[in-house]
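Novice: Chains A and B, in that order, are what the protein sequence lines are. The first sequence maps to residues 1 to 297 in the working numbering. The second sequence maps to residues 298 to 422 in the working numbering.
The set of hints was computed from the structure by calculation and includes no laboratory data. Treat the hints with caution; some may be incorrect.
What the hints assert, rightly or not - One side only, chain A facing chain B, incomplete, derived with CB under 7 Å:
id, residue
1, Ser218
2, Gly219
3, Ser232
4, Leu245
5, Val253
6, Gln264
Quick reminder that beta carbons are idealized off the backbone N, C-alpha and C, glycines included.
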Amino acid sequence: MFSLYFGHYLLNRGLITPDQLTDALDLTESVHLKLGVLAVNAGYMTASRVGKVHQMQTKVDRMFGELAIELGFLTKKQLDDLLSTQKQGHLLLGQALVDKDYLSLEQLQVALDEYKKAYGLSEGQIYKLQQGDVDEIVNTFVRIADSPEKALYTFYISLMLRNVIRFIDNSPRVESSQIPEKLNAEWLVWQEITGSVNLFTAIAAEEPVFMDLARRYSGQGLLEPDELAQASVAEFLNLHNGLFLVNMSNNGVELEMKPQLIGQNKTVTGLGTGCIVPVYLRSGRFDVIISDSNPAL
Amino acid sequence: MKPLRILVCDDSLLVRSRLKESLKQCGDFEVFEAQDGQAAIDMYKQYQPELVFLDIVMPLRDGIEALQTIKEYDTRAKVVMVSSAGTQSHLRKAIEAGATDFIQKPWEQHQILSIIAKAVKEKEE
């Protein structure tokens, strides 16, 4: 998932083209990781140190990690970390971009350093992002405005991202967004949560993404936004909210939820305090909405 | 022996369809469907099913209300609550109202199989 976020950063900076990003992401699914790129990605080695080890490897038949430790460029623990990541079988975007000659290793390192600065990320946080740590992803990429319910909204969004990964798509990408005065939704599924806090929760999507959500959640080849397709997206929200209630209940907060509702071509106004989080799937974007007041629909 | 009569009640067409599919994998049953709490009560009285799978969050009358009414009508009714909201409060209310079991969505097939096996055994006895 980290590849998606870093890739879009490179795209927004104009360092790579959309085609190059797609090409590199495709490659990440099939090629084996190289330790040198992993070491740069993890911030353990500079590009020039990786270059030195590669240079030595042209003269001696020895493993990259072994040489890097001998030269004092890596610790044993760092090498173990890298080998563990390598075993996961995912090629990082950085290596794909370098392999494709879209970026040099030096350009990759500069971009990665700037990326860390832009998001104020430590090496530890980068590592967590690369491991797909959902809480870290939400804390880094979703800006939720300060309010008494900020922690609750953050938890809700993290759980939603986990459920998207579990039930819909294993590599979604989230972003930040401001609550607009007016939101036009081609399809809107919503559900109220009541109790010590009253929440309005919803999923808004254009029809192609709505249908993609319906197909993926139901596991059926749905073609039209018929009752089953609508029930599928609604049940996904209902399931997510149910799991949210269970988590809250386990923390001593008992909440109730009302039956989920579905509407087409809805204009939503008066969302109050809360957040809208765009979630990007391969098919496009849907919005997750959580707010402390019931909007006009 | 006549097949087990089972009532499936959930406001979601998808959930009813998935539950029916799960039941189909367990054997041949006579399955009735309801999409809200009131319809579940009406259908229980009409068909006297030997097992009920009942959602909690539903329009008109919720699952807990439906469970209470069904148990008042028939104290021997076997009702399994199936909900995504397995909160302490819902569990307590379901137990107090006499639910036979509680399944948290999404369910695993073995949970349905175990409930069916028990119901079939009780019918045979």
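Novice: For which of the previously enumerated hints does the structure constitute a violation, in increasing order of number?
Specialist: 2, 5 and 6
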